[in-house]
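Chemist: Sequence:
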Amino acid sequence: MSDHSHLSSAEKKRLRDRRAQQNSRSKKLQYLSHLEDRIARLEEQVAHCRQHHTDEGAQQRSEELETLRRQNASLLARQRQLKNLLQSWDIDALTSPEAATGPACTPEAADVESLRPPLPSLPPPIAVSRSLIDPLEASRRTLPIPPIAPILPPLPPLAATINYAHDSTNSPEPLWKRIPLTNDDPSAPYMNWVAYQEQIRASPDSPASPLDLLYGSKTNVLADLVYRTTKRRPLRDPERLACGWLAYHLLKWMYSPSPSRFARLPTFMHPNIDQINIPHLGSIDLMIWPQIRSNLIRRWHIYEGQRDDLFGFLACCLKVRWPWGESILERDDQDQLRIRRSFYETFMTIEGWGLTPDVIRSYPSILTGVDLQSIVYEVL
497 MSDHSHLSSA EKKRLRDRRA QQNSRSKKLQ YLSHLEDRIA RLEEQVAHCR
547 QHHTDEGAQQ RSEELETLRR QNASLLARQR QLKNLLQSWD IDALTSPEAA
597 TGPACTPEAA DVESLRPPLP SLPPPIAVSR SLIDPLEASR RTLPIPPIAP
647 ILPPLPPLAA TINYAHDSTN SPEPLWKRIP LTNDDPSAPY MNWVAYQEQI
697 RASPDSPASP LDLLYGSKTN VLADLVYRTT KRRPLRDPER LACGWLAYHL
747 LKWMYSPSPS RFARLPTFMH PNIDQINIPH LGSIDLMIWP QIRSNLIRRW
797 HIYEGQRDDL FGFLACCLKV RWPWGESILE RDDQDQLRIR RSFYETFMTI
847 EGWGLTPDVI RSYPSILTGV DLQSIVYEVL
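Going letter by letter, the sequence shown gives residues 497 to 876 in my numbering.
These aren't lab readings, by the way, just hints derived from the structure by calculation.
Just so it is clear, CB atoms sit at the ideal spot from N, CA and C, and this is done for glycine as well.
Treat the hints loosely; a few may be bogus.
[Claimed, not checked] Think about it this way: if two alpha-carbon atoms lie no more than 25 angstroms apart in a straight line, the pair counts; the simulated DSS-like pairs of lysine-lysine are: (1) K714 - K727; (2) K508 - K523; (3) K523 - K509.
[What the hints assert, rightly or not] Simulated restraints, written as ranges between beta carbons of each label pair: (4) V875 - E560: 37 to 47 angstroms; (5) S558 - Q517: 57 to 67 angstroms; (6) R803 - R857: 33 to 43 angstroms.
All chains, full assembly: derive it from the sequences and hints.
Modeler: Encoded structure:
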């Protein structure tokens with residue numbers, strides 16, 4: 497300890513004052529540092545609130561919550577159906593000939609047959625039209641349909657007995673709110689749009705130019721995602737633009753539902769009962785024909801292991817009924833490129849699409865219930 501006994505009273509007082517001032521300055525600096533840290537934390541909280549607690553953010557959370565509710569309802573329905581299926585197996589065991597000859601065959605057991613759920617009806621036989629009229633272009637012709645193997649793989653029991661809780665005839669929910677029930681993995685490379693839901697909601701309702709779908713975009717995230725997805729497939733420009741246009745508006749509606757966005761979809765792209773009630777791969781929703789979408793969903797256990805081959809093959813065989821080499825774009829009054837009106841009217845109708853006969857030979861089961869004469873198409 498320093499010896500200040502030789503200092504005068506005035507000098508001792510000045511020394512004490514200096515120490516007090518130093519302590520005061522040190523405390524002020526510490527307090528200012530504390531306040532600055534607190535202000536920084538508060539600013540971060542305010543920024544987070546502004547980003548995630550706006551009206552738009554609340555609406556997005558509400559939409560996500562509604563999606564989770566639908567998924568939960570579907571899973572509960574599947575659980576009930578599995579229980580019913582197991583119970584039906586028990587009933588089969590009780591009503592089998594072996595059970596009838598054993599001691600367990602009682603009058604009560606004889607009435608069990610009346611409790612069995614009705615078997616699902618078989619799909620109607622494929623009706624092949626004999627009309628050779630091409631609905632769009634005389635330059636294209638319909639070829640004879642090759643024979644199809646008569647035996648198709650059976651549908652999975654769950655798909656055959658599922659309870660359609662959201663049937664359009666009974667559900668009070670409007671059509672534009674009935675979103676397909678997908679179970680996509682966001683990390684999968686073929687499902688890149690699942691990881692960009694916020695950016696999709698912020699994208700415009702329609703692309704500013706068809707070139708965004710043909711060659712990608714740096715300003716429209718959804719258009720660029722659709723372009724990168726179609727780029728993986730060997731598509732011609734007519735199919736790339738037409739498929740991109742339908743996929744863009746379908747995804748925009750699915751991730752940000754509204755009546756106006758739903759109205760931009762052609763009728764054949766509206767989700768059917770299987771899409772709404774059975775969890776499935778999102779790529780199936782992009783298929784043109786509703787019956788093919790249902791066949792893929794119900795028979796997905798057959799094709800799951802060959803997903804890339806199947807969708808790659810379908811991309812090669814999918815065609816817009818549009819004359820070879822004819823332009824799909826035109827210029828408007830401002831000299832800007834836009835989709836040619838006649839081309840737009842073609843791909844916005846289901847009659848404007850076709851599949852080459854290779855699909856019928858390679859994957860006949862996905863065409864169950866489809867009028868083959870109306871769908872088969874040969875590019876000359």
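Chemist: If you check the beta carbons of S558 and Q517, does the distance land in 57 to 67 angstroms?
Modeler: holds, 59 angstroms
Chemist: Quickly compare the C-alpha distance for K523 and K509 to 25 angstroms and report which way the hint goes.
Modeler: Answer holds: K523 to K509 is near 21 angstroms, not above 25 angstroms.
Chemist: Given the hint of 37 to 47 angstroms, check if V875 and E560 actually sit that far apart at their C-beta atoms.
Modeler: holds, 43 angstroms
Chemist: Given the hint that K714 pairs with K727, does the C-alpha gap stay at or below 25 angstroms?
Modeler: holds, 16 angstroms
Chemist: Range first: 33 to 43 angstroms. Now tell me if the beta carbons of R803 and R857 are that far apart.
Modeler: With a Cβ separation near 20 angstroms, R803 and R857 fall outside 33 to 43 angstroms, so the hint is violated.
Chemist: Given the proposed pairing of K508 with K523, does the C-alpha separation stay at or below 25 angstroms?
Modeler: The hint holds at about 23 angstroms.
The structure fails to meet hint 6 from the earlier list, while all remaining hints are met.
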